[in-house]
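What follows is the residue order along each chain.
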Amino acid sequence: MPAVLVKGAGVAGLAVTYELVKRGFSVEVAEKGDAVGLGASHFAGGMLAPFCEREAAEDIVTTLGLAAAGWWEAAVPGEVHRRGTLVVAQPRDLPDLVRFAARTSGHVWLDRGGVGDLEPALSGRFEKALFFEQEAHLDPRRTLAGLAEGLRERGVVFHLAGQQPADRRFAAMLDCTGAAAIRLFPELRGVRGEMLYLETPDVTLSRPIRMLHPRHPIYIVPRDNHRFMVGATMIEAEDDGPITARSLTEFLNAAYAVHPAFGEARLLETGTGIRPAFADNIPQVIETEEGLAVTGMHRHGFLLAPAMAVRAADILTRKRL
Amino acid sequence: MLSLYDAKLSSRLLLGTARYPSPAVLADAVTRSGAAIVTVSLRRETSGGKTGGAFFELIRQLGVRILPNTAGCHSASEAILTARMAREVFSTDWIKLEVIGHHDSLQPDVFELVEAARILCADGFSVFPYTTDDLVVGEKLLSVGCRILMPWCAPIGSAAGPRNPSALTAMRAAFPDVPLIVDAGIGRPSHATMVMELGYDAVLLNTAVAGAGDPPAMAEAFGQAIEAGRLAYRSGMLEPRDMAVPSTPVFGKGVFA
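Residue numbers (the working numbering), protein chains in the order written: chain B, 1 to 321; chain E, 322 to 578.
Misleading hints may appear alongside valid ones.
For the chain B half of the interface with chain E, some residues (derived, Cβ under 8 angstroms), not all of them [as the list claims (entries may be wrong)]:
(1) Ala56
(2) Ala57
(3) Arg189
(4) Asp280
Chain E side only, calculated, beta carbon under 10 angstroms to chain B, not exhaustive [as the list claims (entries may be wrong)]:
(5) Tyr341
(6) Leu347
(7) Phe377
(8) Met406
(9) Val410
(10) Gly478
(11) Ala480
(12) Thr528
What the hints contain is simulated information worked out from the structure, not anything from laboratory work.
Just so you know, these numbers come straight off a predicted model, no measurement behind them.
All residues carry an ideal CB built from backbone N, CA and C; glycine is no exception.
Generate the whole structure from the sequences, applying the supplied hints.
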């Protein structure tokens, strides 16, 4: 069995590992962090929203992202919630909602009653909304932990905390190091993203809510135990320092606008990650001297990692390593 | 040819660089628009003292003149600090001076604006002030050293188009020799044509292109619309009148009756 070393145990590295194991490769994973998924993946929204993303992304993001929900369901059964996405706006931003609808497909318009039927907590709060029924979401932390566990059971060896694999010849090495690869590929840049976690028993949501906002696509994704992930900014700076007051204010304002009970929620955590991106914000599988690099996931890690993993595994399979 | 602070420019479109789907789309839009100047927000893409290094490098590679802006600043001191940072980052004395008075309406704070302009002009900056269509404010900005005025035609990002064409006309008449650039509020190419027909020297816009379904194609549309408006202004347009005017003589009809 050909042996492959995957560097980086974030969403890209683990997805590639899964695809390779499925095809009979023997895989070892080297990760500088103390556990899997502690880079940008740790702060991801986990929205599998190929239709909504079309609002500001190329068509290829939708095309490649359509298979993501099914892929994750197969890889980590039980983690994918197929409940769609609800897109809302403040009354004065209704033109933005119309624009959002014009730029995307796969949605239906909901009126006040429709919103309440779907999300009782938001009953009477929005006159108009867009519902993207075919979309899904997952909890990135649970999902990556579950994926890694499944891979271990199937014989994948993980070297965490920067430990190097024992002296073994690998037929190929795959660079899935995310932001750390920015130094290796001059075309890559880092895009800062900030997010936070709120906890409140007073609001129940079944699906991601996107709130149209002039600067950032702000969303609230429900997690287990009354927790909600609120994200995410996109700032053209390679800085992973703490969240800024402005971003925090914008997130909290958006959450409060979606439901006033978020005003009483506990702020559990804030976080910042750096997403590697190419000039067109589309990920790539690049052939390198050592093997391959899977990088440039931008804000589409969970949405596009499956397609990139399949592509990388196809290349290695064709090479008959 | 358009001349701004002694620079000769081939285009009358100034294009903002915020909120495009990707830097690649932005680059395409700049090329197709023919814009000779792009504006860049320093504050928006700066975090923890680190500026958008890679993003700014992509913008430098566009090969057009860069006009850094102070978007997001709410006081003269903040704007002055940002302008000085911009001078270091982009090696230019040009600065689009924007001092926001209200975070919701994004209306300029003209008091802080004049104060910031006074200090920056004295410090050797070439200031492009984003202002209202108020004539007195315009005069004050010129008196502290600005040689360009950039009035809005509607609130930032509103895409509403010229809300008060009479005020824009009055401003053109009041400052016949000052380059006037409409900055903010343009939503469609026809809006840009309209202000160019009023005799404005250039148009600055961002959201109308960045938020379009096909930003590069929209950028090209704006480039053509601005050219059309300018050409029309210089060609002498007809004055509107209330009655039809036949373009061929009509004998035997009671037109003079």
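Quick rundown of the hints versus the structure:
Given hint, Ala56 (chain B) at the interface with chain E, holds; its Cβ is 5 angstroms from that chain's nearest Cβ, closer than 8 angstroms. The beta carbon of Ala57 (chain B) is positioned within 8 angstroms of a beta carbon in chain E (closest approach about 6 angstroms), and the interface hint is therefore held. Look at Arg189 (chain B): its Cβ gets to within about 3 angstroms of chain E, closer than 8 angstroms, so that hint holds up. This hint holds: Asp280 (chain B) has a C-beta 4 angstroms from the nearest C-beta of chain E, less than the 8 angstroms allowed.
The restraint placing Tyr341 (chain E) at the interface with chain B holds, with a minimum CB-CB distance near 9 angstroms, inside the 10 angstroms limit. The beta carbon of Leu347 (chain E) comes within 9 angstroms of a beta carbon in chain B, closer than 10 angstroms, and the hint placing it at the interface holds. Interface restraint check for Phe377 (chain E): the shortest CB-CB distance to chain B comes to about 8 angstroms, inside 10 angstroms, so the restraint holds. Evaluation of the Met406 (chain E) hint against chain B yields a violated restraint, the C-beta minimum of about 13 angstroms exceeding 10 angstroms.
The interface hint given for Val410 (chain E) is broken, as the beta carbon of that residue sits about 12 angstroms from the closest beta carbon of chain B, more than 10 angstroms. Taken as an interface hint, Gly478 (chain E) checks out: its beta carbon lies about 6 angstroms from the nearest beta carbon of chain B, inside 10 angstroms. Using the Cβ-Cβ criterion of 10 angstroms, the hint placing Ala480 (chain E) at the interface with chain B is satisfied: the shortest such distance is roughly 8 angstroms. Proximity of Thr528 (chain E) to chain B holds as hinted, the smallest CB-CB distance being about 9 angstroms (cut-off 10 angstroms).
The structure fails to meet hints 8 and 9 from the earlier list, while all remaining hints are met.
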